[in-house]
Amino acid sequence: MRNVAIIGVGYTPVFVSKRKDVNIVEMISESVGAALNNTGLTPDDIQAVTYGNMQTFEGVNLPHLWTSDHMRALNKPTIRISTGGTTGMSTLQAAYYYVASGMYDLVMAVTWEKQSEGDSQVGLSGIVVPEAMTMVQHGMDLFSGKGMGFGGGGSTGAASYQAMSYLHHSGASPEHIDKMAALERSNAALNPYAHLRKKTTVEDVQATPMVAFPLRFGHTCPTSDGATTAIVASEEMVNKLTDGNVAWIVGLGSATSDPCTANFLEGQITDPAEQMPAKIASEKAYKMAGIEDPGRELDMCEMYNGFAHQSLMWLEKLGVCKEGEAHKMLDAGALNIEGEMPTNASGGVFSTNAIGASAMNRPTECALQIMRKIEGGHQIPKKIKKALSHGWGGMFQYVTVMVLADEPVSS
Amino acid sequence: MAEKAERSVVEVEVPLDFTYNYRVGQYLERYIKGLGEKKILGVRCSGCSKVTVPPRNFCGACNRVMDEWVEVGPEGTVENYTIGHVKVERGAVEKLDEPRLLAMVKLEGATVPLLAEVKGMAASELENGLRVKAVFKDPVSDSLADLSHFEPVGQEVK
Ligand SMILES: [Zn+2]
Chain A
29 MRNVAIIGVG YTPVFVSKRK DVNIVEMISE SVGAALNNTG LTPDDIQAVT YGNMQTFEGV
89 NLPHLWTSDH MRALNKPTIR ISTGGTTGMS TLQAAYYYVA SGMYDLVMAV TWEKQSEGDS
149 QVGLSGIVVP EAMTMVQHGM DLFSGKGMGF GGGGSTGAAS YQAMSYLHHS GASPEHIDKM
209 AALERSNAAL NPYAHLRKKT TVEDVQATPM VAFPLRFGHT CPTSDGATTA IVASEEMVNK
269 LTDGNVAWIV GLGSATSDPC TANFLEGQIT DPAEQMPAKI ASEKAYKMAG IEDPGRELDM
329 CEMYNGFAHQ SLMWLEKLGV CKEGEAHKML DAGALNIEGE MPTNASGGVF STNAIGASAM
389 NRPTECALQI MRKIEGGHQI PKKIKKALSH GWGGMFQYVT VMVLADEPVS S
Chain B
321 MAEKAERSVV EVEVPLDFTY NYRVGQYLER YIKGLGEKKI LGVRCSGCSK VTVPPRNFCG
381 ACNRVMDEWV EVGPEGTVEN YTIGHVKVER GAVEKLDEPR LLAMVKLEGA TVPLLAEVKG
441 MAASELENGL RVKAVFKDPV SDSLADLSHF EPVGQEVK
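For the protein sequence lines, the chains are A and B, in the order given.
Residue numbering for the first sequence follows the working numbering, starting at 29 and increasing by one per position.
Residue numbering for the second sequence follows the working numbering, starting at 321 and increasing by one per position.
Since the hints were made in silico from the structure, they are not lab data.
Just so it is clear, the structure is predicted and the values come from calculations on it, not from any experiment.
Note that the Cβ used here is the ideal one computed from N, Cα and C, for glycine as well.
Be careful, since some hints might not be right.
To be verified - Here are some chain B residues pointing at chain A (derived, C-beta under 7 Å): (1) Ala-325; (2) Arg-343; (3) Gly-345.
Stated by the list, open to error - Derived EDC-like pairs (lysine to aspartate or glutamate); straight-line CA-CA distance at most 20 Å: (4) Lys-353(B) to Asp-49(A); (5) Lys-48(A) to Glu-471(B); (6) Lys-46(A) to Glu-349(B); (7) Lys-350(A) to Glu-302(A); (8) Lys-359(B) to Glu-395(B); (9) Lys-358(B) to Glu-471(B); (10) Lys-411(A) to Asp-321(A); (11) Lys-407(B) to Glu-395(B); (12) Lys-457(B) to Glu-437(B); (13) Lys-401(A) to Asp-271(A); (14) Lys-410(A) to Glu-368(A); (15) Lys-268(A) to Glu-435(A); (16) Lys-370(B) to Asp-97(A); (17) Lys-48(A) to Asp-417(B); (18) Lys-312(A) to Asp-271(A).
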């Protein structure tokens, strides 16, 4: 396979709860235009486009084809990818496959969500029906117990079971969730492309209402409007078109377990905090990247965290530290922007969630950190040689991983 | 062999109330405001000179934002048409009492045709090349419906 790098990134000017001033295709056009501007490329240079957003969230069918001219995809192959929360990274992975395979040299990955236009709870209820069918197939009684996890308020109710299991197994306390939430919200305050940008204290988080123990309102992510585009290139194109300041995609992986949203508590097939796919996908990515000791060799992490306990959980599941160690790293300041393992310097999904773009913003944040092109105040001071990005979603069970680096693995 | 009886195992009722909050964007907003002044606005691409109605923000072929606003119409030419004999009401197809004349009208000054309804003439007389004129609602209501329909040129406006 050929070496592939991210050579440029384009964001919408802002990520906010309601972009009333533009329609969907105009918003996507902004991020595509920014990516082209940032790379000095024209649409003619781009050979193929991959495109990702959530199924049903805006109630728009075939959105990739609707967007074709606004995203400069006229006359080019265009494929839509929709894998739930991981959509953004899956879309970038697809662009990677195009280039790594030798089929194309310059491919653009376009991801977005405009959550204000649809109804994400209706979108999620599209997931309820297959859940119900799976439960019936597993011989579960749908109506006797606490199925669906909706008693605790939609996806937060389902995530509360995961958070409890994580706390139980790790020895972390609910206060560690508050602390991680405050850290990431404060990081987001430095990031012009973050949605909730307010310096936040642990006390601020603790003052928010409890949704489903141990998760408070201050532990949950917003719904955002925004788009992100990344352009990936072959090594030949990197040499031809750039000054070499790019971010190489040196390892990737993805894996699924069985669905483990909290409705399965009645059958307890898989603990939602087990997250074996994270281990499988990251081990594959590390092997590809030549990483033997992730905790030592990685310089930063960008985790997909719809909920504030998850960054800590992922650090353990992705092998960055041992089980039960993440909250100790937090207490020691290691996860701060100036720390040994800066984690979600961007503020994470927890602070900005335009879902289709959310798992894309993890590797793009890593890429811009490596290239030292971070806008705002959250540039990590130390040199970043290797960065870990992560996506998560589906029925709480699909994980994507991408390792980025300042140089290719073999050249 | 006897047929096995089917039995419903479970029935799940999931009522969905989906409200679209589609944002039309600044271009269509300006178009709608124009209709409220009984004007039909389009936008010209500085690359290929194409005038699009209703206006859209971006010309993919030229890779540029279209930003030259022009007034088109109110007269135009039927470029293509169909005659509707049925309507779809809550998923059911019903026969119309009167056929509806639906046309693609290329307005004066525009490059692309606008989809519109034609009234005030017999279906048998509708043909490509027919000159038609926009009829606005009176009073206007600052909505897309302000452009009510088209009528053959020369006919009295109702
Ligand atoms: Zn043009």
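Structure-based check of all given hints:
Using the Cβ-Cβ criterion of 7 Å, the hint placing Ala-325(B) at the interface with chain A is not satisfied: the shortest such distance is roughly 18 Å. At a threshold of 7 Å, the smallest CB-CB gap from Arg-343(B) to chain A is about 5 Å, leaving the interface hint in force. With a cut of 7 Å, the hint placing Gly-345(B) at the interface with chain A holds, because the nearest CB-to-CB distance is about 3 Å. For the given pair, Lys-353(B) sits about 15 Å from Asp-49(A) by alpha-carbon distance, which is consistent with the 20 Å threshold.
Distance restraint check for Lys-48(A) and Glu-471(B): the Cα-Cα separation of roughly 35 Å exceeds the 20 Å cut-off, and the hinted pair is therefore not satisfied. For the suggested pair Lys-46(A) and Glu-349(B), the alpha carbons sit about 17 Å apart, so the restraint of at most 20 Å is met. Taking the CA atoms of Lys-350(A) and Glu-302(A), the gap is about 14 Å. The hint holds against a cut of 20 Å. Taken as a hint, the Lys-359(B) and Glu-395(B) pair is honoured in the structure, with Cα atoms around 11 Å apart against an allowance of 20 Å.
Proximity of Lys-358(B) to Glu-471(B) is assessed by CA-CA distance (about 15 Å); at most 20 Å being required, the pair is judged to hold. The suggested pairing of Lys-411(A) with Asp-321(A) holds, with an alpha-carbon distance near 18 Å, which does not exceed 20 Å. For a cut-off of 20 Å, the pair hint linking Lys-407(B) to Glu-395(B) is broken: about 28 Å separates their Cα positions. For the given pair, Lys-457(B) sits about 13 Å from Glu-437(B) by alpha-carbon distance, which is consistent with the 20 Å threshold.
A hinted pair counts as satisfied when its Cα atoms are at most 20 Å apart, and Lys-401(A) with Asp-271(A) qualifies at roughly 14 Å. About 9 Å separates the Cα atoms of Lys-410(A) and Glu-368(A), which keeps this hinted pair within 20 Å; it holds. As the CA atoms of Lys-268(A) and Glu-435(A) are separated by approximately 16 Å, the hinted pair is consistent with the 20 Å bound. Taking the CA atoms of Lys-370(B) and Asp-97(A), the gap is about 15 Å. The hint holds against a cut of 20 Å.
A threshold of 20 Å between alpha carbons decides the hint, and for Lys-48(A) with Asp-417(B) the separation of about 41 Å lies outside it, so the pair is violated. With a CA separation close to 30 Å, the supplied pair Lys-312(A) and Asp-271(A) exceeds the 20 Å bound.
Violation of the numbered hints given earlier is confined to hints 1, 5, 11, 17 and 18; the remaining hints are satisfied by the structure.
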